[in-house]
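Q: Sequence:
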Amino acid sequence: MSFYTALTGLNGSSADISATSNNIANVGTTGFKRSVAEFGDIFATSPLQNSSSSIGSGTILKGIKQQFTQGNISSSLNALDLAISGQGFFALKPSLTSAQTVYTRNGSLNVDNDRYVVDSAGQYLLTYPVNDDGSVTAKDLQSAVPLQLPVTSGDPRATSNISLGVNVPAGADVVTERSE
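The working numbering applies: residue 209 is where the sequence shown begins, and numbers increase by one.
Bear in mind the hints are in silico, worked out from the structure with no lab data behind them.
Be aware that a few hints might be false.
So the derived label-pair ranges between C-beta atoms look like this [claimed, not checked]:
(1) 215 x 319: 48 to 58 Å
(2) 341 x 383: 21 to 31 Å
(3) 271 x 339: 40 to 50 Å
All C-beta atoms in this analysis are idealised placements derived from N, C-alpha and C, irrespective of residue type, glycine included.
Working from the sequences, and respecting the hints, build out all of it.
A: The structure is reproduced here in structure tokens:
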């Protein structure tokens, strides 16, 4: 029995080291959330044993828990980088035809060649469609669609008139020459 107890301890340590090394490897990954290995007494979790009589009989990995605490929000030069303050996730689709929805807190986004907003893996950011008045009528995630930017945001037009209001300090020198 002591060999089995020692073996469960080694397996538990291996799982803990694996979770810790994954945390270290991803320390620079945007939106990464650390994981923690959680353990329990192997026989205390069995419905066939009296937990008070089987203490020290081995350990078992109960699970790897993802920690979703708020991380630091920092600014970037990319206008499409988004952040979530508090709870929540960005919903993404792996492909335009996929029925699967995946979730992330990584808000590093870009535009692909077809003007869709995508993450670094090419997954499509989902948004709710809006009416012409700006209201959202969608009630569930099945109504969400991949965000595609329009070709143009309006027709360009040269400026024809301008109104300018300026306050000049009372003690300023009067300009008598035109500068070019």
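Q: Against this structure, judge whether each hint is valid.
A: Here is what the structure says about each hint:
At about 52 Å, the beta-carbon gap between residue 215 and residue 319 stays in the expected band of 48 to 58 Å. Between residue 341 and residue 383 the beta carbons are some 49 Å apart, a value that contradicts the proposed interval 21 to 31 Å. Look at residue 271 against residue 339: about 44 Å separates their beta carbons, and that is inside 40 to 50 Å.
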